[in-house]
Amino acid sequence: MRCDHGVSSFTFLLFLLAGSAISFPATALGQGTGFTLPTHESSWLNSPPISSEALRGKAAFLWFYEEGCPRCRDKWPELFALANKYQGEPIVFIAVNSGTPRASVQQYAREVRLNWPIIVDGNREFERLADVGELSLQNVMQVGYITGNGRFQRASYSEPEQAVRNALKGAAWKVPPDEIPASLRSAWLAIEFGNYAAAGPQVKRNLNSPKPDIRDAASKLNEAVLKLAEPLLDTARKALADQNHWQAYHAFQQVAATYAGFDLPEDVAENLKTLATNDRVKRELAALKALALIEKSLASNPNALKGNLVRLRKLIEAYPDTAAAEQAQTWLDRSSTN
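Numbering (my numbering), first residue to last: 2 to 339.
Since the hints were derived computationally from the structure, they do not count as laboratory data. A portion of the hints provided could be inaccurate.
Lysine-lysine pairs mimicking BS3-like chemistry, simulated, CA-CA at most 27 Å apart [said to hold, decoys possible]:
| hint | residue 1 | residue 2 |
| --- | --- | --- |
| 1 | 175 | 221 |
| 2 | 274 | 228 |
| 3 | 297 | 307 |
Ranges of calculated distance between the beta carbons of each label pair, as one might list FRET restraints [claimed, not checked]:
| hint | residue 1 | residue 2 | range |
| --- | --- | --- | --- |
| 4 | 72 | 319 | 57 to 65 Å |
| 5 | 314 | 217 | 53 to 61 Å |
| 6 | 336 | 72 | 43 to 51 Å |
In this text, all values refer to a predicted model and were calculated from it rather than measured experimentally. Beta carbons: idealized from backbone N, C-alpha and C, even for Gly.
Whole structure, please, built from the sequences with the hints as guidance.
Structure below.
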């Protein structure tokens, strides 16, 4: 798949995802604890937040740049050519700008025709986490990369291609692209980057295709996804055997939601139906519903924090020893440190 201005297959997929309603989990990566990619939509341009699921087994090249630097501006054609050279490889090219308003970053991207996903690091939190120093006219370019096993490393901006090569070590497609016919390519891309539910119906429909190549490709994709679901299914079944009903329900629910549309084992739906009648599960779900209302209020009106703190305390009292109570306590702890 070829796209202009250094847009790789990975980036092209992210453009497709940007137009769909997808929930991306938090992204935890890096050399140690604490290094994360931004999770809020306002921190990204040209792409929705890129999740840990999307990057699992894939690589990422991160180019940190100072927008006021003419030399940096002149560097983009070389970088676009580099991205085009590696198009079709399991790597995404990401630009990072720090300390600049979102509108200014957007204008700059238009001027240099930058179509990569861009991290808008307005408060410089991400550059501090990446330990690249404060981007300025005295520190105009930096490079980092994320390997297939999720490790973040710094590299030399004078050798960007070496960073790409290092990033790709250990990165791989789940199913080789040359085994996928054009009619299933969108489903393949969605699976490769963790959006399984978007691919499920198309894959399931083509398992019975009259065309052997399409049927075989759909079967390979289905098998690859079911293999990915196995660890979570094992967790769910073990929890059920240990009579840890809430953990079992939660794990089965994750399987059902994450891999919706695929031909999942029958016990997923059966156990969800049975576990939903369990008193502990019903209590946990009621607590989560109450917490969701509070979090929605916090998101829509941050100034209502005081009243919501009271609601959080009441939730903990009403539903002690639940997952929602634990999360509510996290909110309270966070508010006490601000």
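Verification of the supplied hints:
At roughly 10 Å between alpha-carbon atoms, residue 175 and residue 221 fall within 27 Å of each other, so this suggested pair holds. Straight-line distance between C-alpha atoms of residue 274 and residue 228 comes to about 23 Å, which keeps the hinted pair within the 27 Å bound. For the suggested pair residue 297 and residue 307, the alpha carbons sit about 15 Å apart, so the restraint of at most 27 Å is met. Roughly 60 Å separates the CB atoms of residue 72 and residue 319, a value that falls within the hinted 57 to 65 Å.
With their beta carbons about 57 Å apart, residue 314 and residue 217 fall inside the hinted range of 53 to 61 Å. Look at residue 336 against residue 72: about 44 Å separates their beta carbons, and that is inside 43 to 51 Å.
In this structure, every one of the numbered hints holds.
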